[in-house]
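So the protein lines, in turn, are chains A and B. For what it's worth, the UniProt record's numbering labels the leading residue of the first sequence as 1, then goes sequentially. For what it's worth, the UniProt record's numbering labels the leading residue of the second sequence as 1, then goes sequentially.
Treat the hints with caution; some may be incorrect.
It does not matter which identical chain is meant; a pair holds if it fits inside one copy or across any two.
What the hints assert, rightly or not - Heads up, simulated BS3-like pairs for lysine-lysine below, C-alpha to C-alpha not over 25 Å straight-line:
hint, residue 1, residue 2
1, Lys277, Lys168
2, Lys168, Lys223
3, Lys227, Lys277
4, Lys227, Lys335
5, Lys277, Lys223
6, Lys168, Lys227
7, Lys335, Lys277
8, Lys335, Lys168
In case anyone wonders, no lab produced these hints; they're calculated from the structure.
Number of protein chains: 2
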Amino acid sequence: MTTAKSDPTFRPERQREVAEALRAVLPPSSVLSDLEDTRPYECDGLSAYRQPPMVVALPDCERQVIAVLDVCRRLNVPIVPRGAGTGLSGGAMPIADGVVLSTARLNQIVRMDAYSRTAVVQPGVRNLAISEAAAPHALYYAPDPSSQIACTIGGNVAENSGGVHCLKYGLTVHNVLRVRMVTIDGEVVELGGEALDAPGLDLLAAFIGSEGMLGIVTEVTVKLVPKPASARVIMASFDDVVTGGNAVARVIAAGIIPAGLEMMDRTSSRMVEPFVKAGYDTDAAAILLCEADGTAEEVDEEIARMTAVLEAAGASAIQVSQSEAERLRFWSGRKNAFPAAGRISPDYYCMDGTIPRKHLARVLTGIAQMEGRHGLRCANVFHAGDGNLHPLILFDANRPDELERAEAFGAEILALCVEVGGTITGEHGVGIEKIDSMCVQFTAAELEAFFGVKRAFDPPMLLNPNKAIPTLNRCAEFGKMRVSAGLLAHPDLPRF
Amino acid sequence: MTTAKSDPTFRPERQREVAEALRAVLPPSSVLSDLEDTRPYECDGLSAYRQPPMVVALPDCERQVIAVLDVCRRLNVPIVPRGAGTGLSGGAMPIADGVVLSTARLNQIVRMDAYSRTAVVQPGVRNLAISEAAAPHALYYAPDPSSQIACTIGGNVAENSGGVHCLKYGLTVHNVLRVRMVTIDGEVVELGGEALDAPGLDLLAAFIGSEGMLGIVTEVTVKLVPKPASARVIMASFDDVVTGGNAVARVIAAGIIPAGLEMMDRTSSRMVEPFVKAGYDTDAAAILLCEADGTAEEVDEEIARMTAVLEAAGASAIQVSQSEAERLRFWSGRKNAFPAAGRISPDYYCMDGTIPRKHLARVLTGIAQMEGRHGLRCANVFHAGDGNLHPLILFDANRPDELERAEAFGAEILALCVEVGGTITGEHGVGIEKIDSMCVQFTAAELEAFFGVKRAFDPPMLLNPNKAIPTLNRCAEFGKMRVSAGLLAHPDLPRF
């Protein structure tokens, strides 16, 4: 663990200069620079990497956000934006000589409009707080990352967060109508709007998931959706994972969009069952959880259709929740998979790849073969409906080699995801964790297009530098740059 | 009308130079430079503006697209990409000393995958041809601009086209999964993918609707959706437009997403009825058409729910189509509104603004007041469900002042759309027609963000220049620049 005091790059006079400049424009209590105050910001959910920031700024309005950016631009200080710090890829990992800009005090619900089914909120508002405020109108905000009690809408925008419901209701990008943000130049820019389409370039989608690299969000307009009157879940067993994977594709091919469609393999269900007693079929090679929501009649009809498809797809057993308590019990196993992994294995490495649904069976077979090659077990838990895999590689960091083998195993899973036309992250972002895998995912021309947009928004490259998008130099060092035909024809392409 | 020969900027030696350079890399029949050959390309659907291009290039594969771009970049020739030329805002309007790059010969359906419900097509494939090719699998491509017989998917991507079905099924941006394109540097870049989410910046949405300014599409992966088994439409009458406008909002607020939700005012229905005999209630101040599609049971249930909502919202009469012939007859009036306008008025000016649905009644009232002020009639026809208005301003260009009054009327409608939080275009794009209205829509900082992205993709600014996004100079001359607080603080912002 690195601390600010022991960091060779730590310069107390620089810290004093930046903190004083910030205290000139913010209330004194909104600028933290003592190590005891900055330490809580030393990491996010990717806790293997820690680094206290030089200074933490806590603006409480847009004017103060502009003031912080003005100071940082003038003094050439890098800025790491931070919501609740629940991210899993190190996107909010501080920089030793940088400022963390926390949105914690930008926490107002500005407007709740039941008629147009929208809410306008500041970035520091918690995901679940939006749904709580919308509940009196029988509305809610659909994307539900598992951290939704704590995570903020600003962080969701930065990471384009998903959740169990995103198959039916979409990711953050499908549920945000407008973002108001401040660029590094201190300009206020609004992206998107409440109308269906907008002229000009649609930069809202590019901004969502940009991991704090393009600007600081000061306001978000989200869509709200009606709370379904009821929900029931099917638990189906399969004798092999390939049949289970194909069943997922057949549900979707039948024109059904379940409210949730999750899969667990036997390693996962056996890992979880003793811990949560969800009533899982631990003999099945794979379990599928399929949820229907809507009016009671819609739910009955969809449960009947899904049951027929799953039977035809070769399910060996099918159970349907008969009460809300049973529905929650069926889900409890899935939701506790990560803590359960911690119970049976000293360490685990949670992957987050996304693949086209039709390749589910192929990727599962590939992972099973990798288990043998790397000599490690892997529990497969995933948002099957949208092809978002969370393989949990189980290892013991105290045994020689195991961490290295787990990392190699993980990299091989991600490479397979890319090979079948998928991506290296589903909902956890790139941050610092996946940055080298981006070299596998994209060609130099594609990375150059990303940097072109980055430079257009942030010419001094001060916003969350060295996250999310690798430089071509970094990829060259990593040794796995994808090369396009175009690049070969243009060896003089600018390098970073 | 300007012709190449009489154009003072026309330089025969330059034309020869560019045509010869292109003939060195394309088959001779793929390069047109004689005026009789280039004249068919002199305008798109916005036929008031005409200009034959210097040269037309018709590449038939990606390699040839790269070759055309290489020549144009080397010789510094602006490029106007063109699909079928059905656009209504002049996006494909040629430049006197430029090349038109036609995608007409990039017309192959590369792959049709019924299992993953996707099709991979070249940009010159017609919109309707995709649905025809998908029909044997009971699938179709949902966005249906009224030009769908002729318009190409490449043009749909450039304009982010919509249609009657886009309320339920989304615009082009919601139905395209991946675009493969060539940048001005000759680099092949893929945006998006078949997986739900992608790391890096989501530039697919920014590319869709970018009106040919960022690159040349060479391949598009589209989503296909199941063909509904049946469809029926409700025709509801209202005694005043405000009640009709509010009824639209109430249908949506009831959680119903009709397959189509269109509105016409009395001026429109009286204009259309003698011409098509659709059986419209010409006494009603407004008519609403609400379509349900799906299985027969789903359609019956949704028709019943919509009927109840429309009655509660104050409909004075309700009719439901009892046969497919009647359904088509109800729609025929709506679909023939534009030709009918040409029948009762020497000229008409078709607007295309989009507003938040909740402001429908307010904007309709505003337009009625403008009719008096400008001394012109306006027939209101619109995609009410998504707040996309097509007011048809009726005028006679041969009468003194009327064209000017029609243009002033149109500009006032668009300004009102922006005022209530809407936009200056719903589905027809900006092109050359709406470019000055962009100054009203966006602040300098927002236009600067657009140009930043434009420069990142096209540093020499050769792709479709002077379309879609106005320079700050142009806005200053237009005299209606929106000014943000941020801009005032930064008077030294770069100008174009």
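Structure-based check of each hint:
| no. | hint | result |
| --- | --- | --- |
| 1 | Lys277 with Lys168 | neither (28 Å within a copy, 42 Å between copies) |
| 2 | Lys168 with Lys223 | both (14 Å within a copy, 16 Å between copies) |
| 3 | Lys227 with Lys277 | neither (29 Å within a copy, 43 Å between copies) |
| 4 | Lys227 with Lys335 | within (21 Å within a copy, 36 Å between copies) |
| 5 | Lys277 with Lys223 | neither (36 Å within a copy, 41 Å between copies) |
| 6 | Lys168 with Lys227 | both (13 Å within a copy, 19 Å between copies) |
| 7 | Lys335 with Lys277 | within (12 Å within a copy, 60 Å between copies) |
| 8 | Lys335 with Lys168 | within (18 Å within a copy, 32 Å between copies) |
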